[in-house]
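Participant: With the hints as your guide, set chain U onto chain X.
The residues making up each chain are set out below.
2 protein chains.
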Amino acid sequence: MSAHPRLSLNQATIKRASLAEALEVTAAGGYRAIGLWREPVAEVGLAEASARLTDSGLRFTSLCRGGFFTMPEGPARRASIDGNRRAIEETATLAAAGAPGSTAVLVLVAGGLPEGSRDLVGARARVAEAIAELVPDAEAAGVQLSIEPLHPMYASDRAVVSTLGQALDLAAPFAPGTVGVEVDTFHVWWDPEALDQVARAGREGRIASYQVCDWATPLPGDVLLARHYPGEGVIDFATFTAAVEATGYDRDIEVELFNADIWAAPFAEVVARTAASFDRVVAPHLARAAAPSPA
Amino acid sequence: MSAHPRLSLNQATIKRASLAEALEVTAAGGYRAIGLWREPVAEVGLAEASARLTDSGLRFTSLCRGGFFTMPEGPARRASIDGNRRAIEETATLAAAGAPGSTAVLVLVAGGLPEGSRDLVGARARVAEAIAELVPDAEAAGVQLSIEPLHPMYASDRAVVSTLGQALDLAAPFAPGTVGVEVDTFHVWWDPEALDQVARAGREGRIASYQVCDWATPLPGDVLLARHYPGEGVIDFATFTAAVEATGYDRDIEVELFNADIWAAPFAEVVARTAASFDRVVAPHLARAAAPSPA
Numbered sequence: 001m002s003a004h005p006r007l008s009l010n011q012a013t014i015k016r017a018s019l020a021e022a023l024e025v026t027a028a029g030g031y032r033a034i035g036l037w038r039e040p041v042a043e044v045g046l047a048e049a050s051a052r053l054t055d056s057g058l059r060f061t062s063l064c065r066g067g068f069f070t071m072p073e074g075p076a077r078r079a080s081i082d083g084n085r086r087a088i089e090e091t092a093t094l095a096a097a098g099a100p101g102s103t104a105v106l107v108l109v110a111g112g113l114p115e116g117s118r119d120l121v122g123a124r125a126r127v128a129e130a131i132a133e134l135v136p137d138a139e140a141a142g143v144q145l146s147i148e149p150l151h152p153m154y155a156s157d158r159a160v161v162s163t164l165g166q167a168l169d170l171a172a173p174f175a176p177g178t179v180g181v182e183v184d185t186f187h188v189w190w191d192p193e194a195l196d197q198v199a200r201a202g203r204e205g206r207i208a209s210y211q212v213c214d215w216a217t218p219l220p221g222d223v224l225l226a227r228h229y230p231g232e233g234v235i236d237f238a239t240f241t242a243a244v245e246a247t248g249y250d251r252d253i254e255v256e257l258f259n260a261d262i263w264a265a266p267f268a269e270v271v272a273r274t275a276a277s278f279d280r281v282v283a284p285h286l287a288r289a290a291a292p293s294p295a
Numbered sequence: 296m297s298a299h300p301r302l303s304l305n306q307a308t309i310k311r312a313s314l315a316e317a318l319e320v321t322a323a324g325g326y327r328a329i330g331l332w333r334e335p336v337a338e339v340g341l342a343e344a345s346a347r348l349t350d351s352g353l354r355f356t357s358l359c360r361g362g363f364f365t366m367p368e369g370p371a372r373r374a375s376i377d378g379n380r381r382a383i384e385e386t387a388t389l390a391a392a393g394a395p396g397s398t399a400v401l402v403l404v405a406g407g408l409p410e411g412s413r414d415l416v417g418a419r420a421r422v423a424e425a426i427a428e429l430v431p432d433a434e435a436a437g438v439q440l441s442i443e444p445l446h447p448m449y450a451s452d453r454a455v456v457s458t459l460g461q462a463l464d465l466a467a468p469f470a471p472g473t474v475g476v477e478v479d480t481f482h483v484w485w486d487p488e489a490l491d492q493v494a495r496a497g498r499e500g501r502i503a504s505y506q507v508c509d510w511a512t513p514l515p516g517d518v519l520l521a522r523h524y525p526g527e528g529v530i531d532f533a534t535f536t537a538a539v540e541a542t543g544y545d546r547d548i549e550v551e552l553f554n555a556d557i558w559a560a561p562f563a564e565v566v567a568r569t570a571a572s573f574d575r576v577v578a579p580h581l582a583r584a585a586a587p588s589p590a
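Heads up: the sequence lines are chains X and U, in that order. First residue of the first sequence? That's 1 in my numbering, and the numbers climb one at a time after it. First residue of the second sequence? That's 296 in my numbering, and the numbers climb one at a time after it.
By construction, these hints were calculated from the structure, which means they are not laboratory data. Computed from a predicted model, the values in this text were never measured in an experiment. A hint or two may mislead.
Have a look at the derived ranges for each label pair, beta carbon to beta carbon [as the list claims (entries may be wrong)]:
| # | chain 1 | residue 1 | chain 2 | residue 2 | range |
| --- | --- | --- | --- | --- | --- |
| 1 | X | G205 | U | R498 | 30 to 36 Å |
| 2 | X | E204 | U | A394 | 51 to 57 Å |
| 3 | X | A125 | U | A537 | 16 to 22 Å |
Footprint (simulated), chain X over chain U, 3 or more residues, beta carbon under 8 Å [said to hold, decoys possible]:
| # | region |
| --- | --- |
| 4 | 408-421 |
| 5 | 450-456 |
| 6 | 527-540 |
With the C-beta cut set under 7 Å, the calculated list includes, among others, these residues of chain X facing chain U [to be verified]:
| # | residue |
| --- | --- |
| 7 | A155 |
| 8 | P192 |
| 9 | T217 |
| 10 | L219 |
Yeah, the Cβ is synthetic: ideal placement off N, Cα and C, and Gly gets one too.
Next comes chain X alone, as it looks inside the complex (with noise of 0.2 Å):
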């Protein structure tokens, strides 16, 4: 098996996989970089997480993930910003077990709106604070947060963050080190302004991370579920990767898929089919590439 160089398989892809057998099955396909979520890694522990990433050999390309800091001061949000430095821990820990070439990044989700709130605004206004609260402790770590604008049909009760120059006015007051922006095209692709915000982010030089997936209509009944393979959808990817490219963004790109059948179906499969997607819809768009990936 084997799969493109720069492609890392993000472990959400395969969701129902226990850490190791994630770790085994990316490893398994070719692949040489991976993409965690705290709770797998939280069930076998961090330091037995570590382990397992070194033992693979893959490289660590981001946490999933840090942030749902939109509430007002109090308990919740201390609690939500103490998760939020343990996560900058753990992202910290995990690139130091990956293969060279890892990188630390913690993806931050921001949070909707607080139960019963209509102040988007004043939402918004909380996601810079938190982030400002938190930066400290990321540069201290060594660890880049990524703000990640999720589509718009999430942000009354997922993120309040809907645009990649939202969230890339969010990083500006930062530095480009410690705090980035994550592009997944389902997220930004119907933007008017999307490739602007790409060029954008790269002369900020504030990508920590490029995601694919695909954008298909119907919608699922659940929303959040509604995630393509490369290529099933209507996408442009040669667009959107020559943009991305075109910055000179070098790191590996991140597969992410939310999706029901997806998540039914054998791991080992779903490692393939994202593999052949890759090749076919996104690497040929790719200005770097360490080796050819053969078919």
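Facilitator: Chain U only, in chain X's frame:
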């Protein structure tokens, strides 16, 4: 029965009513204005529809809808442009038949990506070309085309115009009286630039129509039917309405609800509930009310 003097019922809110029923129940509900859809008008014919509208004593606020012109040149595109020309004529006729204060506004929904296409940039360019082609007809008929940005979750299959800023950019080459924009809270509430773009739309004299309805999650299985009575979701109507009023907007305000439960309810109940929700969450923030709304 009474309703706020600036409240207009968009006919889609009582989708299953015939034109005659819609006019009757809207007038009986104390409304002074209605927005119509082409299909129920066509059912009785334009002349008969105009006569009934005149008899109702209601103002006409808009016709839904033109647009759906993202396809490349060919017979389908010609048919679309011709259909839009007829819609312009219908708008002019209905506005003349409505009570004084009627506005000759034709709402344009751009249309999604053509079947099998991933060329979002091209589709958007064809929207600009279609508008340019229709402007002389609209100008001659005294009709204002209103470009409606739809929520980005509809970008692939319904409207490639996704933000107010994009709609204003599309309108920019033309006179504001001929090409304006729709400000529908449901579609734009999430946008970090929404309030700035409302102010811009005001400065440029382009707010053709302000429509209010609410956003709530979870979204229904058919995301087209996700619209709620004002006040039953998360949108901050105080801030939004004040921003629109601050531009000097003084036209009627439509409520347009696509919602299976609302469509299944008795027309008179929907009409009354719409008026009550408007009184409660929108009316208090209006700078210009011809008369106070009796509770």
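Participant: Take the hints in turn and mark each one as holding or not.
Facilitator: Right, here's what the structure says about each hint:
Between X:G205 and U:R498 the Cβ separation comes to about 35 Å, which falls inside the hinted range of 30 to 36 Å. Taken as a hint, the range 51 to 57 Å holds for the pair X:E204 and U:A394, whose Cβ atoms sit roughly 54 Å apart. Distance hint for X:A125 and U:A537: a CB-CB separation of about 19 Å, consistent with the stated range 16 to 22 Å. For a cut-off of 8 Å, the count of residues in the region 408-421 of chain U with a CB near a CB of chain X stands at 7, and the three-residue condition holds.
Given as covered by chain X, the region 450-456 of chain U passes the check, having 3 residues with a CB less than 8 Å from a CB of that chain where 3 are the minimum. Remark: the region 527-540 of chain U is confirmed as covered by chain X, as 5 of its residues place a Cβ nearer than 8 Å to a Cβ of that chain, reaching the required three. Below 7 Å, beta-carbon pairs count as interface contacts, and X:A155 has one with chain U at about 4 Å; its hint therefore holds. At a threshold of 7 Å, the smallest CB-CB gap from X:P192 to chain U is about 4 Å, leaving the interface hint in force.
The beta carbon of X:T217 is positioned within 7 Å of a beta carbon in chain U (closest approach about 5 Å), and the interface hint is therefore held. With a least beta-carbon distance of about 6 Å to chain U, the hint placing X:L219 at the interface is held under the 7 Å criterion.
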